[in-house]
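A.B. asks: Reassemble the complex: the two chains are provided individually, in unrelated frames, and hints are given to aid placement.
For the protein sequence lines, the chains are A and B, in the order given.
The first sequence begins at 1 in the numbering used here and counts up one residue at a time.
The second sequence begins at 1 in the numbering used here and counts up one residue at a time.
Check the hints yourself; a few may be wrong.
As the list claims (entries may be wrong) - Per the computed footprint, the stretches of chain B lying under chain A, defined by three or more beta-carbons under 8 Å from a beta-carbon of chain A, are:
#, segment
1, 56–69
2, 94–107
3, 124–130
4, 162–173
Calculated from the structure, these hints are not laboratory results.
Remember, it's a predicted structure, so these values are computed and weren't measured experimentally.
Note that CB positions come from ideal geometry on N, CA and C, so glycine has one too.
Residues per chain, in single letters:
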Amino acid sequence: MTPQGTLAAERALLPESGRGLPPPKTLRELLGLLFGSAPVLWRCDKGNGTERSGKQSTETKMRTIHVNRIRDSVAAMCKRANFELSADMRVALRTAAELETAPLARNTLLRILQNADVAQARELPMCQDTGLAVLFVEIGQEVRITGGTLRDAIDEGVRQGYTEGYLRASVSADPIRRGNTGDNTPAVIHTEVVAGNRLRLQMLAKGGGCENMSRFKMLTPADGREGITNFVVETATLAGPNACPPIVVGVGIGGTFEYSALLSKKSLLRPIGQRSSLAHVAALEDEILAKINASGIGPQGYGGKTTSLAVHIEAGACHVASLPVSVNIECHAHRHQETIL
Amino acid sequence: MGLQVELPLTPEAARQLHAGDEVELSGSVYTGRDQACARMVQMLQHGATLPVDLAGQLIYFVGPSPARPGQVVGSAGPTTSDRMNRYMPALLERGLRGFIGKGYLDRMVKETLVRYRGVYFGAIGRTGALLSLSIEEAKVIAFPELLSEAIHQMKLSQFPVVVLNDSHGGDLYAKVSAQAT
Numbered sequence: 001m002t003p004q005g006t007l008a009a010e011r012a013l014l015p016e017s018g019r020g021l022p023p024p025k026t027l028r029e030l031l032g033l034l035f036g037s038a039p040v041l042w043r044c045d046k047g048n049g050t051e052r053s054g055k056q057s058t059e060t061k062m063r064t065i066h067v068n069r070i071r072d073s074v075a076a077m078c079k080r081a082n083f084e085l086s087a088d089m090r091v092a093l094r095t096a097a098e099l100e101t102a103p104l105a106r107n108t109l110l111r112i113l114q115n116a117d118v119a120q121a122r123e124l125p126m127c128q129d130t131g132l133a134v135l136f137v138e139i140g141q142e143v144r145i146t147g148g149t150l151r152d153a154i155d156e157g158v159r160q161g162y163t164e165g166y167l168r169a170s171v172s173a174d175p176i177r178r179g180n181t182g183d184n185t186p187a188v189i190h191t192e193v194v195a196g197n198r199l200r201l202q203m204l205a206k207g208g209g210c211e212n213m214s215r216f217k218m219l220t221p222a223d224g225r226e227g228i229t230n231f232v233v234e235t236a237t238l239a240g241p242n243a244c245p246p247i248v249v250g251v252g253i254g255g256t257f258e259y260s261a262l263l264s265k266k267s268l269l270r271p272i273g274q275r276s277s278l279a280h281v282a283a284l285e286d287e288i289l290a291k292i293n294a295s296g297i298g299p300q301g302y303g304g305k306t307t308s309l310a311v312h313i314e315a316g317a318c319h320v321a322s323l324p325v326s327v328n329i330e331c332h333a334h335r336h337q338e339t340i341l
Numbered sequence: 001m002g003l004q005v006e007l008p009l010t011p012e013a014a015r016q017l018h019a020g021d022e023v024e025l026s027g028s029v030y031t032g033r034d035q036a037c038a039r040m041v042q043m044l045q046h047g048a049t050l051p052v053d054l055a056g057q058l059i060y061f062v063g064p065s066p067a068r069p070g071q072v073v074g075s076a077g078p079t080t081s082d083r084m085n086r087y088m089p090a091l092l093e094r095g096l097r098g099f100i101g102k103g104y105l106d107r108m109v110k111e112t113l114v115r116y117r118g119v120y121f122g123a124i125g126r127t128g129a130l131l132s133l134s135i136e137e138a139k140v141i142a143f144p145e146l147l148s149e150a151i152h153q154m155k156l157s158q159f160p161v162v163v164l165n166d167s168h169g170g171d172l173y174a175k176v177s178a179q180a181t
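This is chain B alone, in the form it adopts within the complex (with noise of 0.2 Å):
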């Protein structure tokens, strides 16, 4: 069982977190992926307003599979996160605290991450439908016509993932690399 942590997640609750932590989150976040992610930038460069205030607010990387009828949500576990890297910078810069995903980042993403004292989380990847069962609620709320890769709004409850980058500049991956080597 993980420190758990609310969201959404409090500039205190963020210093806290250390890279290689194991954390629950329970809370809202949204969701976006490439053309969710991509789209957003493109608004923000033509000066229109978001669909969705990031302020505060964590961004999952997922393209959840279908909802059986019942169901919150169909399977729904992190994308690859470094096809978001170019996107990143300027969504941190609009009060995004973060994101969840998987693999690597590159050093602008990191560096970006530490100057506004956010936080990327790692869930375990191709665990989808173990992870579904930790998501309470899922609707969409923007662009729907990209099916999967629109923009939901996900009430999370006790959501395991593992502190990647926290805000000071600790990094699992680089700690792992550092000690293969």
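With the rest of the complex left out, here is chain A (with noise of 0.2 Å):
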């Protein structure tokens, strides 16, 4: 995803700590660096016969994985997303409940909770809008990818998974003339070469009332953290209910118009309240996520302390003259999921 031109700016952007540190050679070590209070995100997954020749990922052999193997991680992870809400949005929820006093609140939180229970007892999808399942994919360059091509695999993966899931078709082939191509295809995809010999999927099963509130805005760099802060908080406001609150805000800043979009969305992929690793977008974050829970807003727009479980910024390097921020914008549902082949 990060761009090689990035990397420098990035490393600039690491924590007085990381400095002393010899300057990483990969993605992965940076990414270690930077999350290096995150295991999950680098957590692999046991017992799939995967042999490393060698602690540096660099000096990693070649690998073949086949599509069915994607297709079928694909499949899976679109059945989960749906019928299981993710740990660390439970216990977020369920934090939430307890700090709420007015009844109407705390219902409308205990009522998302009863709500995963249903779901994930009877495999029925949490809501109906099952979501565009948008892919992150970071590929290894010593994988080769065998028996097709990845765009099918994914495509055919999350055919059989909304299909065998029961779960709603909600993509359009054509913008301008509607319709419905009936099996929840094409994914988005975002594909990243980093090191090593690893195929690391990510799925967000992105929900249109809540993308539908999402903004983008090009700032100037005079406009500074309090132009960021007043937009972010802004679009949340102008939200309010639409977006099925309590949401989460991922937020790009930086980049180029497209990539601040970009970085929105990624911001969303990482486990619910894991603040940035640097210490002024961990600041930025708690300042922004207080503001918004000040609206007043509350889950489900009835009014409460809780309009947002978490805010997310990614930032990334940018010209010197702008400063892009996006904010995509995420229901309560907050259906992630991950994988590593």
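C.D. replies: Right, here's the structure in full:
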């Protein structure tokens, strides 16, 4: 995801503690430094028969991965994302319910948790909008995909997952003529080539209601921190009940016009409440979250303390003249999954 | 447990509802969302007869997920109402009593609701699994080619909602934002 050109700039953003270390050689090492506090990000599934030739990911052996494994993983993620509320969200919602004093706010959060129990027990999707499948794929440069194309494997996985799981088809092939493709394909796919011989699949089943409330603005450097804060808070407030609060707010700051949007979506892949490892970015996350929750919009817009469960910011290098900011809103179902092959 | 309300909603029953009330609805509703509402308004503009008689009825803005074999319906929670803003005045004029959805309405729709003594009910978004347990029957009755967006007739049983906009001009979301400022 991160273009090579921005690595140096991102290194410059590393916390003081990271600067004394030798410069990271690979993106994985860099991310390890950035997200050192979050081992889950680089957790590898055990027992999948993968052999690694050494400790350094740059010395790994070539591996082949058949498209069927990708297809099956995607199908399983589509179903799991829709049937099971993730553990991080469950904790966040439970904590929020305990904080709410207004009966309507508390009852709404309890109903959301009850909904998750019903969904899991009956293999019913938590929401009828089972989302557009957005796949982030990190492909180790020592990986060779066999048996077909990555695009076809992912779309076939989505097709199978959504059909077998009785999940709703929610994709129009043509944004102007509309209609419905009938099997929830095609997926939106973002690929990135990284070091190593693994293939990492991260999936969001992105709902339309919250996606519709997302916004972009090209600020100027003079707008700075305050401008960013105001724009993000304004976006969350305008979204109000439409985005199914309590929401998760993904923010991409920097990059270019299109890259800031990608950063905002990518920030949603982080476990809920995992703060940025950059101190000044984490402080901004906290400040924006407090301001959004001071709006009083509350669960489902019925009033209360919990309008947002978390604000996640990803920052990237940008042009000296620019300050692009994208805000990608996620509802309280926040369906995210990860598999490493 | 909310106030029990039978559907179709009579004008008398509608009058007794106030923004912020927790209510459980039982009885028949029609579903419709973007495409179905657009088509119905287009039909009215061309003087055609609607596939359903909306007089005194509620429309539930929902596109359910497919039912598993043996199930009545899949997940079936509300979609965001504001996408239907432009269609609602024409349907309210034709006798629609109100609708079930989530999220903000524009001012014109709210004014039309008051004019026709209609009610806007909110169901909790993204709780479609739980809400599906309060749906006893569901069948497609018009526009089947729209798949989940087809018009269904549903029989609700103690379906939990909150009154968002009442027939007197009461507005829960407006009250919440007034309290915050």
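A.B. asks: Confirm or reject each hint.
C.D. replies: Hint check:
Restraint check on the segment 56–69 of chain B versus chain A: 7 residues with Cβ-Cβ distances below 8 Å, three needed, restraint holds. Requiring three or more residues with a Cβ within less than 8 Å of a Cβ of chain A, the coverage given for the segment 94–107 of chain B holds, as 3 such residues are present. Only residues whose beta carbon comes within less than 8 Å of a beta carbon in chain A count, and the segment 124–130 of chain B has 7; three or more means the coverage holds. Counting residues of the segment 162–173 of chain B whose CB lies closer than 8 Å to any CB of chain A gives 3, so the stated coverage by that chain holds, three being the minimum.
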